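A.B. asks: Below, each chain spelled out in residue letters.
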Amino acid sequence: MTVPYAEALQEFEPVIGLETHVELGTASKMFCGCDTTFGADPNTHTCPVCLGLPGALPVVNEKAIESTIRIGLALHCDIATWCRFARKNYFYPDMPKNFQTSQYDEPLCTDGYLDVEVSNADGTLETVRVPIERVHLEEDTGKTLHVGGATGRIHGASHSLVDYNRAGIPLVEIVTKPVVGTKHRPAEVAKAYVAELRDVLRGLGVSDVKMEQGSLRCDVNVSLNKPGDDWGTRSETKNVNSLRSVERAVRSEVERQAARLRQGERIVQETRHFHEDTGLSTSGRSKEEATDYRYFPEPDLVPVAPDTDWVAELKAALPEAPSVRRRRLIEQLALSALDAEAMTNAGVLDLVLATVDAGAPAAEARNWWLGHLAQTANSSGVEPAELSITPAQVARVVGLVAGGSLTAGLARQVVDGVLAGEGEPEAVVATRGLAVVSDEGALATAVDEAIAADADAADKIRAGKVQAVGALVGRVMKATRGQADASVVRRLLLERLGVTE
Amino acid sequence: MAEITRAEVAHLARLARLALDDSELDRLASQLDVILGAVAKIGEVSDAEGVTPMTHAVPLENVMRPDVVVTSLPRDDVLAGAPAAEDGRFRVPRILDDET
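As you go down the protein sequences, you meet chains A and B in turn.
Just so you know, the working numbering puts the end of the first sequence at 501, numbered straight through with nothing missing.
Just so you know, the working numbering puts the end of the second sequence at 100, numbered straight through with nothing missing.
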């Protein structure tokens with residue numbers, strides 16, 4: 001039983017909160033030198049430290065500390081001058097040490113915010129400030145594979161198999177404060193927050209932020225209350241691993257809770273599990289028997305005290321924030337808000353700007369990245385930024401077209417050549433022989449052959465049906481593998497047939 | 001006054017997955033009570049105002065390593081210590097009870 005989203009939010013006020021876990025892109029693990037590369041054979045990236053063997057001692061990865069501080073600075077947080085790691089004690093097979101090294105009451109970064117933009121019904125953008133409670137550093141767990149149950153689920157499994165390659169990879173947890181005042185669109189704000197956070201992290205270069213590979217994962221908290229009442233009891237939905245799911249998780253929870261509250265039932269504080277296939281969540285363990293983690297300061301690690309000069313240096317070297325960059329792009333390139341949003345959603349905004357910075361006109365850069373390149377990325381299942389073509393290369397192809405040495409069709413072939421690893425655009429032009437044939441003598445043969453091959457069309461043109469020339473232009477273009485300039489071909493054909501327009 | 005109750009010891013034992021019977025709980029509760037009582041004496045003798053709690057026996061900060069990959073253990077060695085292994089992974093008993 002549910003109450004439709006819009007209706008629920010007329011009756012109740014939502015409070016949302018998000019916990020985001022980000023795997024850092026360090027080369028080695030948090031407390032040992034094991035490789036962090038994704039997709040290795042199970043248990044080939046483990047050692048006494050990340051397996052929790054007796055006597056093994058952890059040492060902090062400096063790059064992970066640096067990355068966490070940079071994330072904190074980008075989110076306008078205060079950076080601790082002194083903090084410690086803590087042991088979070090629990091028993092679960094994905095954690096070989098029987099505790100997770102985390103941070104408890106002394107996180108590296110506290111008290112920041114992230115401004116996110118949501119679109120209004122009229123297409124204008126509105127900024128919502130999401131307050132950040134803390135950013136702390138911990139380690140990821142291993143991966144379990146459940147055997148014997150239906151579709152790999154833990155329920156009904158006879159046993160489980162564990163791969164500890166991921167155990168010990170540095171994991172940053174970013175926790176918002178309760179976000180109030182999202183009014184009729186808590187789900188949209190939640191999605192915009194995760195998208196913006198992803199862009200910030202990508203801009204910092206601290207993580208590959210691939211939600212589908214689990215390097216960015218979200219837990220979503222939702223509660224509802226009647227206007228004027230205290231906040232309601234919240235539920236926490238785990239495993240929300242795509243932007244679309246963040247929105248769906250909040251939406252379905254608002255609809256579920258509203259129905260219960262309307263019937264006078266109470267909301268149970270619980271953990272819910274999100275299912276990507278249905279977009280719904282099911283009840284997990286109840287928080288009322290909340291685990292007591294017996295946190296205590298990690299005795300095997302000494303405190304971390306970031307030098308204030310170092311923090312100031314890191315702050316000065318932060319890249320431009322995505323929101324600032326977006327505003328700059330909108331102003332510089334006179335983009336519409338809708339265009340900017342389309343580029344953000346397609347993950348090409350930075351690429352467009354970089355292409356423009358490399359000398360291409362904005363419209364051309366936009367067309368390439370939102371068009372052919374976005375489609376290519378989509379069909380090969382990668383992000384546009386992962387394509388093996390750089391913005392500078394795209395700008396050079398645009399330049400070759402503008403200079404007349406490539407047609408639009410040829411330019412696409414050149415881009416495909418670069419994507420296929422055939423080298424720089426100029427090299428692809430040379431090896432594939434793609435330059436525009438501008439020598440009219442060389443085109444004359446193809447023109448004659450086209451006229452001979454389609455006498456019907458030729459007759460129609462001679463009789464004054466000039467539009468029939470399209471078929472002959474097509475023949476010449478095909479014969480020259482697109483290397484001729486279509487307007488030149490058209491002129492030559494008409495001259496040859498003695499027709500003037 | 002007791003520093004720790006028998007119920008608290010039973011709770012901690014449960015969290016630590018220690019199976020203690022009644023006589024063990026009695027014995028450990030009274031022993032822990034003595035230990036905590038002794039530690040509490042420190043509070044009587046020291047004026048803790050303005051003293052930062054000590055974190056570590058050695059006064060060190062910022063012990064870090066550069067982000068460099070070193071060779072991991074061979075997998076056969078890794079799995080050699082496991083009670084059970086399957087497909088290059090650690091095999092563990094069923095995690096959830098039937099009803100949960």
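For the record, the hints were derived by calculation from the structure and aren't laboratory data.
Where hints are given, some of them may not hold.
[As the list claims (entries may be wrong)] Okay, the calculated bits of chain B under chain A, using three or more residues with CB under 8 Å as the criterion:
1) 22-29
2) 60-70
3) 83-95
[What the hints assert, rightly or not] Here are the computed distance ranges between Cβ atoms for each label pair:
4) A:Leu-57 <-> B:Glu-86: 25 to 33 Å
5) A:Gly-181 <-> B:Ala-84: 48 to 56 Å
6) A:Pro-4 <-> B:Val-68: 22 to 30 Å
7) B:Ala-7 <-> A:Ser-283: 25 to 33 Å
Keep in mind that this is a model prediction, so the values were computed, not measured.
In this text, a Cβ means the ideal position worked out from N, Cα and C, and glycines have one as well.
A.B. asks: Next, verify each hint and record whether it holds.
C.D. replies: Right, here's what the structure says about each hint:
{"no.": "1", "hint": "22-29", "verdict": "violated (count 0)"}
{"no.": "2", "hint": "60-70", "verdict": "holds (count 11)"}
{"no.": "3", "hint": "83-95", "verdict": "holds (count 10)"}
{"no.": "4", "hint": "A:Leu-57 <-> B:Glu-86: 25 to 33 Å", "verdict": "holds (30 Å)"}
{"no.": "5", "hint": "A:Gly-181 <-> B:Ala-84: 48 to 56 Å", "verdict": "holds (53 Å)"}
{"no.": "6", "hint": "A:Pro-4 <-> B:Val-68: 22 to 30 Å", "verdict": "violated (55 Å)"}
{"no.": "7", "hint": "B:Ala-7 <-> A:Ser-283: 25 to 33 Å", "verdict": "holds (29 Å)"}
Hint compliance for this structure: hints 1 and 6 are not met, and every other hint is.
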